[in-house]
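Build the complex from these two chains, which are given one at a time in their own frames, with help from the hints.
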Amino acid sequence: MGGFLAEIVRTELATPDPDLVQPEMYNQMFTMHGTIMLFLWIIPAGAAFANYLIPLMIGAEDMAFPRLNAVAFWMIPVGGVLLISSFFVGAPQAGWTSYPPLSLMSGKWGEEIWIMSLLILGTSSILGALNFAITILKMRIPEMDLNSMPLFCWSMLATSALVLIGTPVLAAALILLSFDLIAGTSFFNPVGGGDPIVYQHMFWFYSHPAVYIMVLPFFGVISEVLPVHARKPIFGYRAIAYSSLAIAFLGLIVWAHHMFTSGTPGWLRMFFMATTMLIAVPTGIKIFSWCATIWGGKIELNSAMLFGIGFISSFLIGGLSGVMVAAVPFDIHVHDTYFIVAHFHYVLFGGSVFALFAGLYHWFSKMTGRMLNETWGRIHFALTFIGFNMTFLPMHQLGLLGMNRRIALYDPQFQSLNIVCTIGSYILAVSTLPLVINVLWSLIKGKKAGRNPWRALTLEWQTTSPPAIENFESEPVLWAGPYEYGIDSENEDEEDVEDMLAEVSAQS
Amino acid sequence: MQSSTVEDPKLALNYHKEVEPEGHHGEHPDHRMLGVIVFLVAESMIFLGLFGAFLIYRSMMPVWPPEGTPELELLVPGINSIILISSSFVMHKGQSAIQKNDVPGLQLWFAITAAMGAIFLLGQLYEYSHAEFGLTLNVFTSCFYVLTGFHGLHVTLGLLLILAVLWRSRQPEHYSETSHFGVEAAELYWHFVDVVWIILFVLVYLL
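Chains as they are written, first to last, in the working numbering: chain A, 1 to 508; chain B, 1001 to 1207.
Just chain B, same shape as in the assembly (with noise of 0.2 Å):
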């Protein structure tokens, strides 16, 4: 038991700001964005177990997808894809406003990601609403309901951080160009979505 962790919360709380070495013998370091990436490259075994599976089934069915399974409509989750994979840039333009100390630029740009990932998540509910197949009709659209749906997890996890980010830029001086851990974290974490997203969507739609 690390005697410690009992002090911790205060000192967590102030995490954002220089943290105080008051009786400490020095400030925590801080090391959350290595973190950050560390829990990404797990995040990304879980995607990489998943696809694996699919791509073995592929292998393994003399057609692919199974007959009987109906087309896949491109038309929506084609531009799903394009508002996805833009919506990064925006979000990109929130970090560099942050950067030069724009809160309100960071807000504005944010705010649009927010409204892009919602519209994303609205769209694949739409997909899933129109599509003429269950999970349970063959290997295929099980995978199918599968994957999306776990990356649509994650971009509802993803969208929440950024109302997060939204929620507490409010307060004054939360964020400043030195100090930005929550803007940057949640960035990372949308460009992964993004990335997930764009082999799945060339693997399940256009393979």
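If we strip away everything but chain A, and leave its shape as in the complex, we get (with noise of 0.2 Å):
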């Protein structure tokens, strides 16, 4: 659905002029377009590994509330359905931002449809969150100490921080908005002596975090494919674990970056300049990290690890024309420029959905007890990869140019290039046929997968795939710390896993 609305925004892109859709559907596109794939695709899937992952990798049977989180689960479609339903009653055209005045003179009931649909999201992320804090540190089983659980389970743990302490004063701000939507108050309204920057200071104290919630969850996802694939101990596991934290934290102190052409004062856009800059430096120990976990090991190149070197390399250009961005000269001439829209493109589909799918590639058959097809998986990445840069690199020059955000009509010199960005678009949403095709054909006939059919050794591969009820048949064992691959000669660091295995399955 989102996805589906890009293509429409793109195709509109394609030519100069108005002639596909109005401007007012176009707003109503890009608006919607953004608020689905952030809080109904990046966030849930986020939250869906989570779920999955965590009582496996820790050795727990369930989470620590199973039904509030069916609760949290159920409220997703919920919000879902509520928020496309608002296309009926005209759909909010704010923006994801919903920035006032806009958002209070523009389709009153479909803002509100939105701003409920997202207070009911939210409040599902909340108690999401509070599932996964108290099951990782609760629940894990217990040899496991804090140090020895797997880089995923740290990620989460950051993220979970994250969206209790700030998704919050988002449902605060949204709530005000309502006031000034429905009851006429004037919190946000500069003709009643309200101050919309308020809203600004209140969105972006939860919107900023919220990159790293839908981040965080797919840097932990990296953590684990990688040594696995790559047969190499992670480089710089608690390098990896307190920058997680680190980013965590400066990722809440840093919400008036976007807000340097608002009308912040000098001295807090230095502030906030140096936090933002600050990030770059947890963010770049992980990326090197990374760098340094493949380097010299014995990759094998499967569409796991594919996706998760195409996420390295994307998310590096994002990270990098972040740290430019946050540069205020350099913002106040970018500020809603395609460069903005180049760079979160990058972060977030660079960053999590590549991160998304290297994750499926590897977890799949831990999920259904079947390996997916590579040469399907591959084909994949390759579409994957190349629609991905040809839609969003070019937006980077256009933005420099001069382009802005947010416009159906735009001047005729940017036509070539916005041109390349459509056709990068349609292939990437052709890319997803293949993996449609993949998952069916695999989840039919694919090649059953034994327990531990990439030979890793955290806890989720002791079990039975697909796991069974109450996930372990026999309480797990912690037979090494969660990276030790090829730490003594490779042969041995083969058979002593697969030795293990065998103890295992002969206890269970």
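Bear in mind the hints are in silico, worked out from the structure with no lab data behind them.
Be careful, since some hints might not be right.
[Said to hold, decoys possible] On the chain B side, residues computed to face chain A include the following (Cβ under 7 Å): (1) 1038; (2) 1045; (3) 1049; (4) 1056.
The structure presented is a predicted model; accordingly, all values stated were derived computationally and were not measured.
By construction, the Cβ of each residue, glycine as well, lies at the ideal position given by its N, Cα and C atoms.
Take a look at the structure:
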């Protein structure tokens, strides 16, 4: 759905004139595209991985609060249906940020439905985060201490902290916004003495951490996938673990960098510029650690690994352009241009979605008991990678040339680059086909996967594929640190794993 | 999808008694109290957001409250505050009672707490109906109604929790000295609402 809207947006932008959809409709399209992709695709996808993997990785039977979990899960479709239903009353047009006073003037009920559905989705993610944090902290098998749990758990711990602290503030902002909309108060309406900047502060207090809520789980996924397929221990376990926490903490104090052009005073801008640039440090630590992990490893270039490497390269570009826009003078020039669009698509698509696919190819065998087909996986990767870069790379240049975001009409001089973007987005749309074919085909005909097709060391591979009810047939045994691959000579290591596996199955 | 959720209702119904291991590897560990605490942390962030917005408005306006705002009456909310704060102590007596396995004591103290909470809410309604300003007069009055109203909503919820505890305590041996999670959770929630009220009262009425 979100992707479909994006295709309409791109098609519209193939020509400088509004010929496919009217500008109002176009506004609704990109608002819904942004909201759906963020709140109904990336955040739930991260939560899905977390729900599935955390109990398996720490050797627990289930999450700490299974019923609460079900509530949180079922709130997602409710929120989603509500959001999409807003098309019937005129979907919101104010962008996913819904800045007042714009959001107060365009389409009252569409906006209100948007708020309601976001409140539902927000509550769902708070409940989910509560569950993750307590499960990770309290339900590990006794032998596993914090420093020997898989890195995915670390990154989910950081994510949960962000959700718990950030999301309620968004809820507060949205409550005030709906009072403005419905009851006619003027919290954010300058006409009645209110101040839209307050909304921006509250909104970004959540929504900047939200970026990390979206990418941190996938940092965790990558930290799991890379060592397994490179057959090497992860480089700098503690560095990666603690840098997740550092990102979470810094993420809470950088929000105003979205507001450099909102009349934020100079000293405040300097502060936020400095903190924003500081985030590059823990993020850089992670990137270097991942590179060092695959450096000199016995890399198996299967689909999971390809997506993993694709993730590192695209996220690197997103991160670098992030440091650029963190600089106040630069940001003032590119603010609200396609440079920003390019930047966040590299972070979110390059960062989250690539890692998500890497995780899917990696854990599909665990979830279903069957392997995904490699050939289709590689076709999928190639199409995604080409389409992705073709769509979003030219946007950097468009932004620097001065094309504004969120517009349906533009200067004809930008047309050639826009056509490249549009073609790229079509390739991206096509790239989902091999994935769908692959999943459906593999579910029925895929090669059977044993317990541990990747010869990985984390606990989830000790149980059957798919896992038994209550996850483990017998109490899982912590046989090694999560990433102790190839520490002795490689052959010995492989035998060790197989031997221990045999032992575990003998017990059960 | 965690397949074990399917089985869970049965398991969860016996939550407050000791869960029996039958057929499982072990009992489902009970982390509900920690869950309540973490939930309250998230709740407090909502209030922090609202208070933050309130303070920003306050610091931006040259005159606060803005000119033309009628004086807030302090008597009724003052009495109300005392009632709400003291109800926390009354409630704690209830918890002490159940720790001695004294269910009638629990019921007595909780009933008093519930009555005090209800008086608080009535007082707030009285205040709303006698206030000389509406929701949309200016930013201050909007903040006033939203903050007190949102807090009032939480008091109502806390009241319902207390009533639920009272309702459940009619069943013999529902709560005992070793197992009274519901009592503790309701009490913690009530204390939380109380603390929020103290901050709110200082910010909105006194400053």
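How the hints compare with the structure:
1. The restraint placing residue 1038/B at the interface with chain A holds, with a minimum CB-CB distance near 5 Å, inside the 7 Å limit.
2. With 7 Å as the threshold, the beta carbon of residue 1045/B comes within range of chain A, its nearest partner Cβ sitting at about 4 Å, so the hint holds.
3. Interface hint status for residue 1049/B: upheld, as the beta-carbon distance to the closest one in chain A is roughly 3 Å, under 7 Å.
4. Given hint, residue 1056/B at the interface with chain A, holds; its Cβ is 5 Å from that chain's nearest Cβ, closer than 7 Å.
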